[in-house]
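Enquirer: Next come the chains, spelled out residue by residue.
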Amino acid sequence: MRHRIHPLVRIAAATAVALIWSGAAHAGARLSVITTTPDLASIAEEIGGDRVAVESLSKGYQDPHFVDAKPSYLLKLRKADLFVEVGRDLEAGWAPGLLNNARNARVRPGGIGFLDASAGVAILEQGGRVGREQGDVHPLGNPHHWLNPVNGLVIAANIRDALTRLAPAEAKYFHDRFVSFESRLKSKLDGWRKDAASLGLTGMKVVTYHRSWPYFAEAFGLDVVDYVEPRPGVPPAPRHVQDLIELMKAQKVGLLIVEPYFDPKLPSRIAQSAGVPMVVLPPSVGASPVARGYLDLFDAQLDLIRKALGGGAP
Amino acid sequence: MIEALPLLLWPLLACIAIAGIHAYLGFHVVERGVIFVDLALAQVAALGATIGFLLGYDLHDPAAGWLSVAAVIIGAALLAFLKAENRRIPQEAFIGIVYAVAAATAILIVDRTPEGAEHIKFMFVGNLLAATPAEVGRLAALYLGIGILHVAWRKPFFAISHGRTEGMSTTSVRLWDFLFYLTFGLVVTQSVAVGGVLLVFSYLIVPSVIAMLLTDAPRTRLAVGWISGIVVSVGGMIASYQFDFPTGATVVATFGVGLALALAYRGLVPR
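Residue numbers (our numbering), protein chains in the order written: chain A, 1 to 314; chain B, 1 to 271.
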């Protein structure tokens with residue numbers, strides 16, 4: 001809906017905000033950016049540079065569906081200039097209530113400082129049931145969209161636009177940093193795609209625990225054929241495990257991917273029985289010590305996959 | 001702390017409202033020895049909402065709410081009936097079974113719904129910091145209404161809680177038990193949605209245990225229960241802010257501290 005705002009209204013709003021914020025920006029006050037996940041925080045830092053102070057509410061090793069709220073979250077949101085969420089209901093269990101109670105109309109949905117990072121991203125698995133064999137899906141689509149680096153660019157552009165709305169005087173600064181981020185990401189993307197191809201990931205059939213990886217698969221040509229979890233949050237039944245092992249053998253599945261916040265016992269037994277290598281893959285910045293920034297995340301993931309597949313250093 | 005006060009006001013008021021009704025209901029629950037009945041009825045209510053899920057209602061749809069209420073009515077009837085039928089088997093055994101079967105059935109249903117168990121988990125986690133004025137107002141109105149019913153029906157309720165059922169027919173014991181579990185179930189399901197299972201359990205049991213440690217007179221016990229519930233709410237909220245801990249868990253841990261203090265006092269000052 002936010003995209004259908006009349007241009008004149010946008011200009012008026014931008015001007016109003018410019019009047020309020022240009023003073024602050026010139027005085028050297030940093031815009032306070034609060035994100036729900038460290039991936040968004042890393043991208044916001046890339047774009048905002050020293051004009052912003054960025055903080056993520058969740059840690060990379062936490063499952064972003066469930067975050068235990070602390071009083072400091074309310075204080076941070078109350079003082080925030082910009083709130084960025086992954087969107088598609090990923091944070092539906094905790095973020096809306098906190099935004100509502102933080103007494104900061106700016107960062108509430110519809111406010112000038114509220115950003116749904118998924119705006120404009122090509123969302124997968126959207127619009128109801130796709131079919132039994134692909135699993136049933138969420139009406140708003142799969143929320144793990146940051147795991148395709150191409151979407152990282154869309155998120156970065158969204159953040160650039162939001163920051164520019166809040167501090168129009170810094171438009172060029174944010175634009176330049178976006179261009180720099182874009183060119184670094186694109187050159188790394190070529191490298192990642194080559195790595196993925198040399199690891200044989202293109203067209204490789206894989207099984208994942210949770211439905212976190214469709215965007216990663218899209219980026220590097222993997223083919224996700226099934227899940228350990230038959231439904232999000234439902235432990236697998238014995239027959240599903242048995243069927244899964246058979247399917248992995250029959251379809252020559254090359255890799256089993258597990259998120260770090262699930263117990264690896266069952267998946268590693270499945271991997272062993274099927275004779276398939278398993279990898280615990282961090283889905284977020286900060287989930288592993290090597291994945292410090294958004295651009296390191298894919299390095300770290302491909303490195304872990306290389307090790308799991310038995311290859312040494314490149 | 002002062003800057004946080006307006007932000008923490010409604011969560012704190014929610015806690016105090018919860019303390020008000022639960023410290024009172026806790027006396028019945030502890031006297032009857034049905035400690036985990038709140039967990040069982042909350043799970044039954046969640047099962048109702050899960051069935052709503054299967055029929056295509058969202059968790060926040062009023063229809064899902066009514067299915068929860070219907071499930072609580074059935075759960076209350078079941079608990080009242082099972083107690084009267086089997087005096088040799090402790091009531092806690094049936095409560096545990098109702099809990100386990102309701103939880104398991106919810107998993108079976110979720111296995112056939114598109115979105116999985118994540119939304120069901122939200123029903124038990126609660127988000128105290130997200131408590132809104134409207135939510136607190138709704139809680140307070142419900143608690144007040146049920147509190148008035150309990151004052152009106154206090155004689156049979158307390159007679160059954162204290163095991164003085166001589167002169168009451170089996171049918172009337174069943175009926176009063178049903179009304180007790182029904183009002184109780186309506187209270188806990190609303191509280192759990194705001195505060196989470198752990199928090200509600202603590203508000204139910206700990207104030208009355210503290211009060212039983214400190215005094216024997218029924219009226220004083222109720223007063224001590226309320227005061228300890230409110231003191232722990234305020235203390236827990238301050239601690240959660242000062243040390244920046246998740247709020248619900250901090251309040252529960254503060255209840256542990258409160259109970260330890262009451263035990264220490266009892267140790268130093270024997271009756």
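These are calculated hints, taken from the structure and not from any lab test.
One should not assume that every hint holds.
[Claimed, not checked] Computed list of lysine to aspartate or glutamate pairs in EDC-like fashion (alpha-carbon distance at most 16 Å, straight line):
no., chain 1, residue 1, chain 2, residue 2
1, A, K76, B, D244
2, A, K188, A, D63
3, A, K186, A, D116
4, A, K194, A, E218
5, A, K194, A, D263
6, A, K205, A, D190
7, A, K59, B, E3
8, A, K307, A, D226
9, A, K205, A, E246
10, A, K188, A, D296
11, A, K76, B, E3
12, A, K79, B, E135
[Said to hold, decoys possible] Beyond 10 Å from chain A on every Cβ pair, some chain B residues (computed):
no., residue
13, I89
14, I107
15, D111
16, V125
17, L128
18, A130
19, T132
20, I146
21, K155
22, S172
23, V209
24, T220
25, I227
26, G248
This structure is a prediction, so every number in the text was calculated from the model and none was measured.
Just so it is clear, CB atoms sit at the ideal spot from N, CA and C, and this is done for glycine as well.
Enquirer: Take the hints in turn and mark each one as holding or not.
Expert: Results of checking the hints against the structure:
1. A:K76 / B:D244: The hint holds at about 12 Å.
2. A:K188 / A:D63: Roughly 27 Å separates the two Cα atoms, so the pair is violated.
3. A:K186 / A:D116: 23 Å, violated
4. A:K194 / A:E218: Within the cut-off at roughly 15 Å; holds.
5. A:K194 / A:D263: 32 Å, violated
6. A:K205 / A:D190: 22 Å, violated
7. A:K59 / B:E3: It is violated: about 25 Å lies between the C-alpha atoms, which goes past 16 Å.
8. A:K307 / A:D226: Violated, at roughly 22 Å.
9. A:K205 / A:E246: 14 Å, holds
10. A:K188 / A:D296: 10 Å, holds
11. A:K76 / B:E3: 12 Å, holds
12. A:K79 / B:E135: It is violated: about 24 Å lies between the C-alpha atoms, which goes past 16 Å.
13. I89: The claim holds: I89 of chain B sits with its nearest Cβ about 31 Å from chain A, beyond 10 Å.
14. I107: Non-interface label fails for I107 of chain B: nearest chain A Cβ at 7 Å, not farther than 10 Å.
15. D111: Answer for D111 of chain B: violated, closest chain A Cβ roughly 5 Å.
16. V125: 7 Å, violated
17. L128: 8 Å, violated
18. A130: Since the minimum Cβ distance to chain A is about 2 Å, A130 of chain B lies within 10 Å and the statement is violated.
19. T132: 6 Å, violated
20. I146: 25 Å, holds
21. K155: 41 Å, holds
22. S172: 44 Å, holds
23. V209: 26 Å, holds
24. T220: 34 Å, holds
25. I227: 24 Å, holds
26. G248: 8 Å, violated
Figure legend: structure checked against the earlier numbered hints; hints not met, in rising order: 2, 3, 5, 6, 7, 8, 12, 14, 15, 16, 17, 18, 19 and 26.
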